[in-house]
Structures are given as C-alpha cells and as structure tokens.
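Same order as they appear, the protein sequences are chains A and B.
What the first sequence shows, in our numbering, is residues -5 to 499, in sequence order.
What the second sequence shows, in our numbering, is residues 14 to 502, in sequence order.
By construction, these hints were calculated from the structure, which means they are not laboratory data.
Take the hints with a grain of salt, since some may be wrong.
One side only, chain B facing chain A, incomplete, derived with CB under 10 angstroms [unchecked claim]:
hint	residue
1	Ser212
2	Ile215
3	Gly217
4	Leu221
5	Thr339
6	Thr389
7	Phe404
8	Leu409
9	Leu427
10	Leu437
Partial pick of chain A residues on the chain B-facing surface, computed with a CB cut under 10 angstroms [unchecked claim]:
hint	residue
11	Leu9
12	Gly13
13	Val16
14	Cys17
15	Asn19
16	Ala53
17	Leu142
18	Tyr146
19	Leu147
20	Gly150
21	Ala161
22	Ala173
23	Asn203
For each label pair, taking beta carbons as the anchor points, the in silico distance ranges come out as [to be verified]:
hint	chain 1	residue 1	chain 2	residue 2	range
24	A	Pro230	B	Ser212	45 to 51 angstroms
25	A	Ile283	B	Ala421	40 to 46 angstroms
26	A	Tyr159	B	Glu167	48 to 54 angstroms
27	A	Gly54	B	Arg466	26 to 32 angstroms
28	A	Ala470	B	His309	31 to 37 angstroms
29	B	Ser111	A	Met22	55 to 61 angstroms
30	A	Asp55	B	Ser212	41 to 47 angstroms
31	B	Ser419	A	Pro230	27 to 33 angstroms
Source: prediction; values computed, not measured.
C-beta atoms are modelled at their ideal positions from N, C-alpha and C, and glycine is treated no differently.
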Amino acid sequence: MFGNILIWFVIIPVLMLAGLGVCRNSGMNAIRAVMVIGSTALLALSAYVCIDFLALRAAGDTSEMLFTGSWMWYAPLNIHLAVGVDGISVLMLMLSSVIVFAGTFASWKINPLPKNFFLWFCLLSTGVFGFFISIDIFTMFMFYEVALIPMYLLIGVWGTGRKEYSAMKLTLMLMGGSAFLMLGLLGIYWHSSTDPNALTWNILEIAHNGAIDAGWQNILFLCTFVGFGVLGAMFPFHTWSPDGHACAPTAVSMLHAGVLMKLGGYGCFRIAIYLLPAAANELAWIFIILTGISIVYGAFSACVQTDLKYINAYSSVSHCGMVLFAILMLTQTAMTGAILQMLSHGLMTALFFALIGMIYGRTHTRDIRQMGGLMKIMPYLGVCYMIAGFASLGLPGLSGFVAEMTIFFGSFENADLFHRVFVIVGTGSIVITAVYILRVVGKLLLGPVQDEHHLSLTDASWFERLSTVTLIVCIAAIGCFPNWIAQTINFSFNPIMEAVKNAVI
Amino acid sequence: MDYSQFGQMIPELIVLGIFMIVLIFDVFSKDHASKKFLTPLTTILFGLGTLAIWLIPASGQEIFGGMYVNTTATNALKSILNIGVFIVFLQSAKWVESDEVSIRRGEFYELLLVTLFGMYLMVSARHFLLFVIGLEAASLPLAALVAFNKKHYESAEAAAKYILTAVFSSGILLMGLSFAYACSTGSLYFSDIAKGFVSGNISGLMILALAFVMAGIGFKLSLVPFHLWTADVYQGAPTAITSYLSVISKGSAAVAFFIIFTQAFGQVWAEAWEWMLYAIIIATITIGNLFAIRQHNIKRFMAFSSISQAGYIMLGAVVGTSLGLTAMLFYIAIYIVSNLGAFSVIAMIENATGKVEIDDYNGLHKTNPRLSFAMTLAMFSLAGIPPFAGFFSKILMFTSVTASNSTALYILVLIALINTIISLYYYLLVVKAMWISAEEPKIPNIKGHFADRLALGICVAGIIFCGLVPQVYQYCYDAVQNVACCIGL
C-alpha cells in the first residue's frame, strides 16, 4: 500500500497532524517547522507526480488513470480505497499543494491557538488531497466531507466580523448540498451494475458498465450536480460564499476559494457528467441557466461592494460559475477552458485573499472608502494586487485570459440559439469584471491617501513575499505556457467526451 | 427437565455469576473499608466477563423448547452492549464513591446487572413470555436506579415518571400480545405467531396487535410519539444512569424490536407494519432534532439528540434485511462510544462543579482543552462527520436502506439526510460554546479521576478508529450472516 505514490498525499498530512499533535500552542517554531516541512514535501511530491505522469504519457501509456491502486476497505459493500490520477487530477493536486504552501506562509503569525489552527488546516488539506486522488465514490465523498467540516472551526475561532453566523451558514449550506450528493451517490452505487453481485463504487468500473438507466440518471444527475454545485457557489446556492469568505482568516479564504470551490467543479465533472452522461445531455440546460445567472449576477454584485473581501468573494461566484458553465457546454475546448479556469481562479483568488489579509493586517480595515494611495506606501503589495487584478480581468500573458478565452471559444461551438445566447450573456461579464477590478485598483492603490496613519505602514515581510511570489509565478506560468497544461489534460477528456457522445445515440 | 440446557445461556450465566459475587460481597463485607473494593472488583470482573462473552462462540442452539436461542448475532449485540456497560462502570466509579451514594454502591451495581440480564433475555427470547420477563427485568430496576439520588427532588420525580410510563407501556404491550395470541394458533412462540400473520390475510385485530406491540417497545426506545418521558427522566437521573439509559437500554430494545418484527410479523412486513414504522421514524428523527435545538440543559439536549439517534437506528428495521441488522449493530456500537464519550465529559464536569447548562460550557477550551477536544470529537461523531466513526455508521445505514431501490426508502433516506443537517446545527452549538464563545470560562480546570480518563480514552479511541478500521463492521456483518437464514425475509 505504501508503495503507491498517491497514497502519500494523504499520509503526509496525517503525519503533519501527528507532528502538530505533539507540539504545544506556545511552541510556535516547532509548529512552523512541521508545517513548512510538510507543505514543502507535498509541493515536491506533486511536482514529482506531475513530471512522472508526463513522462509516462510521453512513453505512450494510454490507460485512463495512472498510478492506480485499490485496497479493500469494507468488503461486504465492496468499498475500496481506490486511487488513481489523470491529467486533470494531477493539476488539481499541484494547485492544492501550491496553495497549502502559500497558505502556510500567509498564516505565519496566526493567533491565538496556532496549534489548533494548523491541526484543522491540515485536516482540511487531507480532505482536499484525498478527494483529488480518489477514484472510488465512497472515499471521494468521505474526503469531501473531511474537507468541509474544519471550515466551521477555522472561521468560527480565527475569523473576523460576524464569524459565528457565517461559519454556521457556510457549514450548514455545504452539508445540505452534501446530503443531496450522498443520495445521488447511493443511487449510483445501487445501479452501478446489472449484476447485483458486482455492484461497485469505482468510478472507472461504473463508467465502463454504463448500467444506469435514463430515468434514474436524471434524478441522480440533479442530486449530484446540485450537491457539488453548492460547493461550486452556483446561483441560488452561493450565499454562503460571500459571508464565509469575508469572515474567514486569510489562509482559510485562500484554501477555500482556491481549492475547496474547485472540488465542486471537479466533482460535477468527474461524477455528474462522466457517470451520468445521458442525463447531462438532457438536463444541462437547467444548470446552464443557473450558472449563467451566477456569472453575471456575481460580477454585478462585486461592483457595488465596498469590503475588499466581499468584492473578491462575489467575483469568485462569477468565476466559479464560469467553470460549471463551461463544463456543461459538453465540448472538449470548453472543458479544457474549465480546467484552466479552475487553476487560474484558484491561484489568483488565493493571491487576492493573501494580499487582502496582508493589507488588512496593516490598515485594520477592508473598506475601500477608507483606504487610498497604498501603491506609494507599500509598493510591493500594490504591484502584487495589480497583477492579481489584471489576471482576474483577463489580461493576456496572465492566466485569466487563457482560461476565459478558451471557455467562450469552446462554448460557442454549440451551434443552437440557447447556448449562444447564454455564451454572449456570459461574455458580458468580462466587461463588468473590468469595471469592478479597475474601480478597486484605482481607489485603493492610486487614489489619494485617506488616512494619515497609513503613511507609517510597512511593506511586505519575507514570508509574505515568499507566499505571494509563489502564486504569481504560477499565474504567469499558466498565462505564458497554456499549451503545456492543455497537453497534460488533453488525453483525460477522451473517455468523458466519448461517454457523452455515446449517450446521445 | 434437562438442566444441561442452561449451559447454552453462557452470557446470561456470566452476568448472573457476576451479580451473585457482587451481591454476596456486598452483604458480607461489614466495614466501610472493605466495601471500597466493590467498585474495582465489579469493574474488573465485568471486563473479564465481557471478554468471555466475546470469545466464547454462540452455539445458535434453541433451548427450552425453542424459547431461548443465543445466536452469533445476539452474542455480538451482547458483546457490544457489554463494552458500553463497562464504560458506564468506569464513568461512574468516582460518583459511586461520593458521600451521598457510597453507602448504596452495592445496589447500584446489582440493579444495573439485573437490567442487563433482562436485556439479554429480550434479544435472545423467541417466545413472548420470556421476552416480557426480560423486558420487565430491564425496566423495573431502572426506575430504582433513576431515583438513586434519592435526596434530589428531580431524581425522585424522574423515577415516578419512568415507572409510570414503563408500567403503562408494558400494559399496552401485553394487550397487543394478547391480540396477537388470538390471531395466531394459540401460542406465544414467535414462529407460531408468524403462522397466523400471513400476508394477504390481515384483519383489523392484527393491525391493532401490531400497533400495540410497536407502541410498547416504542416506549422503551423513546420513539415519537412515545417519547414524552425521555427528557425529564434523562435530566433528573444521575448522569451515569442517563448514559446507561441512552445507549444500552436503547440498543437492546432496537435489536429486540428487529427480531420480534421480522420473526413473528415478518410476513406482513410490507402490508402492515413497514409503513407504521416509516411514519414513526420520520416523526422520531425530525421531532427529536427540532426539540434538541431549543434545549439549554445539556442532559435534556442529549435526551432529544438520543431520540433522533434512535430514529436512525430504526432505519435498519424498516428495511428488515440482514444488511439492515448489520447496520443496526454497527450503528449501536458507534453510538455507544460517541454518546458515552459525550456523557463522560458531561459527568466529569457535573461531578466536579455541578454545572449542566450548555452556557456553562462557554470558553471551556481555555481551562480544559482536552475535555473540549474530546467533546468536540463526540459531537462530530454524533453528527456524522468524517473521519470520525459516526460518519461510517450513518452512511452504511443509509447504504443498507437504499439497497432495495424502493423510491419510498430513498425519500426516507433523503429526509434522514436533511435531518443530519439540522442535527449538525445543534451539535455545532455545543462546539461553538466551547471554542468560539468569547466569554470567560465558568468551569475551572478539572483533574479527572483515573477511571474517568480511561473511559474517555476508550471512547475517543473508538470514535477515531471504529470507522477507519473495517473490522468492527466486518464483525457485525459476519455475526449476522451466520444467522441470515433465520431472519426470515
């Protein structure tokens, strides 16, 4: 079991949990050591897996999932701990480890109870990594829930503002989504095979069997897509997102917007579309309408907010809506765009939240009306904020441009009126995004200084620089070399596209 | 009569043996000093007895003309209950040494062992006479235990309420049994009653019999609408008894319910009682949850939480399959460690400070980080949050229920799932009080007794590992599979 490289993505966080368990709340250096060693190891591991994966693909390995392994867990119900990755999950693992790494440095001076903070933080990471490596829907669901619940304490204890309300709202809404998801997964399991003795939770086997009949597919598709859609901040289930993000501590906002919301998109893609392709063809229109609303509504809402975190949270609703929107278009180009958008949004939102946390830590306000001219006072943070902003509004050379371009290009391949109308509506959000980003940049960074006390503030410290540089490098890398990403994931779409096409006939 | 038949009743004999030793020791030890040995003696003996029951294989042979049988499944349940009782003994070790109670500590153990003996009979009985004897033995001494803090007004009141409802429910049960007797071939054997209750031939009297039997056992399980005694009794009883009532008594009654309804009334399952139970489960889970939200006293809170948990346990009975029984046993095992984990913390705090309001737990993590941590795990496990054990018991229960692919059961699971969200809300309120509330802690640092800490340690280990290692579920599954042929569906 330990010979499989993927399982280490779960073992390392568990070791970190154990390491933190023996630390004391007062021993900040020991806690930091555990976190830095652990998150660096995760980063190295994901880089290694990525390189190895590409090498195997280059060597002509065409199996759907690589590094697969499967160990029996609950034998009577055929539940396995099954792992395996394709190009998409490799990139998601990479994204998660980058953000965990950056998040560790962004919460360098967390207070109070640093040990407990990092314990829950590590549990959250365990869930995230476990989710992306699983190919068994039972373990996938388990890791999904593992990733959700630490949010309650992370926001409730270390958050700001109306933290109790937001933490409870976020937890209950996400758990409500997972109730529907659970029902969908149970249905998938009990229909996974025509032979009652060969029922399976394994994604590959279920897709291969294709035994779920059309009537059940429709019900299960609604359950699973809504379940994951709640986490993907789909309208009208997005209301947890602004409150939750606004109240969460920096690293948690980063991880949550950066990675956790991607769990929603990834799950829709891997379970709702892949396992229930006939229903995906038939019912996609419902969710295209909802995600279309998310995109435009999120962008408009961001325009009128004055709290930096709320602006960013609504922009996340808009951008994550775009991910689901692209997935539902069911064309390969659009889906490539969806994956690119997941990576791009993950990195740039994490960068945004990190920067907001750093600015808030200095000015003690997040209200843009009370700040101004920060570019002169803290030029490093100002430049970073601009880069994040430009990535968000889609400046060529940064990640946002590539992703959105691919999404709208691919979506337009659907020739019917319904799809095209929604694509055009969705494209409109690019303009609105530019409005709210430039408004903030202009007001916050370039306008007159609003408060004299701000003049004495300092620029970023070394750990803050490390955190932001990591993210910026990745954003620029995606923007400059999108082809490399497209190649990594290219092959992964084949089985899904095939399933969708076959289901039409 | 062939007395060697008694040799088949190993679990009962072991409990009876421990009971006799405790009784004799209690009677013949005159001075206070030697009575002090009673607590460790009982606990250690009981621990050994638990091991013995677990290790000695059940023969599955019917004795006394088929009135009694100890199968692998009932033996598994007895072992699981025993672990719970062992934890209860550890939890109460400090409390029975307190000035007010120590003079009566012998009675505490004796009465508790008698009720356990009664519960053993309830699940092993295959004849209603033996079942009723078991039920009475399990109910009446509990009333005395509830009144154990006899100088406390609440304790006496709770005992009065308990004894009245217990007697009343026994009456209803007996009424139902007499109807069942009339409908069948004139015998109280489960197998003979099953001959009368055949599908396609349902009379009004049969429905009445089923309803009365269900109500009678429903009182014991505190299913809604037979739950009204629960909160008051849980609040008034000594905490050790509350924890005993909430897990052990409930677990045995749930499995007895399953056995009676599948063995005696199994053939009219789909026509008559499945829908009654269906409605009762929805009411139990929902009403238990909604009332729990409004509680301020932690023991009342746990009472309503345990009502809704009983609803989840009964999900296994509504499908009535071997997979359902497996899930029930597993759920009971996990529920025991989770609930007793919570009660360990509650009891430690109550014994040290007398505080039982949820508001008293505000800021607990500042003074008692370990207790808060254990309580958090217990709450997460009860709410069904992975990677803690409660998640696995819930999800495997739901998996078993949906196995039949009936739409009605999918809807039932959906309702149960939505209820887990409601329950998460109130469990998180306790977590919030401990970790998030900014108030200054009202409870000073508590140094637990060795036995308290051991009990809590066992529970926390159970909460963390019972789900992650598949052996517990496998144990329940194997135990049920060995007797799957007798379930009769």
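Task: Restraint satisfaction for Leu427(B) [CB to CB of chain A, less than 10 angstroms] - done: At 5 angstroms from the nearest chain A Cβ, Leu427(B) passes the 10 angstroms test, so the hint holds.
TODO: Go through the hint on Ala173(A) and say holds or violated, using the shortest Cβ distance to chain B against 10 angstroms.
DONE: holds (4 angstroms)
TODO: Mind checking the CB of Asn203(A) against every CB in chain B and telling me if the closest is under 10 angstroms?
DONE: Nearest chain B Cβ about 16 angstroms off; hint violated.
Task: Restraint check, 10 angstroms cut-off on beta carbons, for Tyr146(A) near chain B - done: Holds - the Cβ of Tyr146(A) comes within 10 angstroms of chain B, reaching about 6 angstroms at its closest.
Task: Hint status (Cβ of Leu409(B) to nearest Cβ of chain A, threshold 10 angstroms) - done: holds (7 angstroms)
Open item on the list: Tell me if the interface restraint on Phe404(B) is satisfied: Cβ within less than 10 angstroms of some Cβ in chain A.
Closed with: holds (7 angstroms)
Task: Hint check: 10 angstroms Cβ-Cβ cutoff, Cys17(A) to chain B - done: violated (13 angstroms)
TODO: With chain B as the partner, please determine if Gly13(A) meets the hint condition of a C-beta pair closer than 10 angstroms.
DONE: violated (17 angstroms)
TODO: Note whether the CB distance of Tyr159(A) and Glu167(B) lies within 48 to 54 angstroms or breaks it.
DONE: Because 35 angstroms falls outside the window, the suggested range is violated.
Open item on the list: Holds or violated: the 55 to 61 angstroms window for the beta-carbon distance between Ser111(B) and Met22(A)?
Closed with: violated (42 angstroms)
Task: Interface hint status, Val16(A) versus chain B (Cβ within 10 angstroms) - done: violated (14 angstroms)
TODO: Using the Cβ atoms, figure out if Gly54(A) sits within 26 to 32 angstroms of Arg466(B).
DONE: violated (59 angstroms)
Hint violations for this structure: numbers 1, 2, 3, 4, 11, 12, 13, 14, 16, 23, 25, 26, 27, 28, 29 and 30, all remaining hints satisfied.
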